[in-house]
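What follows is the residue order along each chain.
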Amino acid sequence: KAGVTQTPRYLIKTRGQQVTLSCSPISGHRSVSWYQQTPGQGLQFLFEYFSETQRNKGNFPGRFSGRQFSNSRSEMNVSTLELGDSALYLCASSPSGQGVGGKLFFGSGTQLSVL
Amino acid sequence: KNQVEQSPQSLIILEGKNCTLQCNYTVSPFSNLRWYKQDTGRGPVSLTIMTFSENTKSNGRYTATLDADTKQSSLHITASQLSDSASYICVVSDNAGNMLTFGGGTRLMVKP
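These protein sequences, in sequence, are chains A and B. Start counting the first sequence at 1; every next residue gets the next number (my numbering). Start counting the second sequence at 1; every next residue gets the next number (my numbering).
Chain A with its partners taken away, still in its complex shape:
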């Protein structure tokens, strides 16, 4: 079985732009969650989607949004980029209805640099 795939692997943007990141979960996994990882704050939960619906959300501003498609693939969007948005963005999928409460399988992440 293929693992969680995230694209692109690296991305460079400038302040004020917007960006869309993509995540393809493991086949059969219906829960997809997103995380931000920075050297200063560590890993932080952004949101989780299950069956095309946002089920849980962390404490991030509305500039961070996401969606999930009928094939469980998910996208995350960040609008009006700020320098502090530079981070590794990780996506994880989960095989059961437990969502983030169950075992998570992470992708390798998208490294976003905002200049």
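Any given hint could be a false lead.
Claimed, not checked - Simulated crosslink set (DSBU-like; lysine-lysine; CA at most 35 Å straight-line):
id, chain 1, residue 1, chain 2, residue 2
1, B, K71, B, K1
2, A, K13, B, K17
3, B, K57, B, K71
4, B, K57, B, K37
5, B, K57, B, K1
6, A, K13, A, K57
7, B, K37, B, K1
8, B, K17, A, K57
9, B, K57, A, K13
10, B, K37, B, K17
11, A, K1, A, K103
12, A, K1, B, K1
13, A, K57, A, K1
14, A, K57, B, K111
15, A, K57, B, K57
16, A, K1, B, K57
17, B, K57, A, K103
18, A, K103, B, K71
19, B, K17, B, K57
20, B, K37, B, K111
21, B, K1, A, K13
22, A, K57, B, K37
23, A, K13, A, K103
24, A, K13, B, K37
25, A, K1, A, K13
26, A, K57, A, K103
27, B, K111, A, K1
28, B, K71, A, K13
29, B, K57, B, K111
30, B, K71, B, K37
31, B, K71, A, K57
To be verified - Stretch by stretch, here's where chain A covers chain B in the computed footprint (C-beta under 8 Å, at least three residues):
id, segment
32, 37-44
33, 100-112
Hints in this document: simulated from the structure, not taken from any laboratory. Beta carbons are placed, not taken as given, at the ideal position from N, Cα and C, and that holds for glycine.
Once you've looked at the hints, dock chain B against the given chain A.
Below, chain B alone, put in the same frame as chain A:
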């Protein structure tokens, strides 16, 4: 406020030696505690998941312990290998399974 504190922040050991990483949490109510290994430039990989009723869980040379009364967990690595060099992250889930609180991680370096 839910918090997960890990210690030490970094650790250097010689190949073949054992080491123990610590995790203290204040998440309440508590559902489960996980340990993840994250290699540089990669996503975290699950090592163990423990519910409040489990005291010990092993995965090869990795053994995690949990004391739900004192809200402490440890990850013991036996006979370390160079490939154990990574960050180890402790993650606690609330009892609804809705929120995850991450520790800051312990960066382990195993030297030959």
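*Which numbered conditions among the earlier hints are violated in the structure presented, ordered from lowest to highest?*
Of the numbered hints given earlier, those the structure breaks are 2, 8, 9, 12, 14 and 28, listed in rising order.
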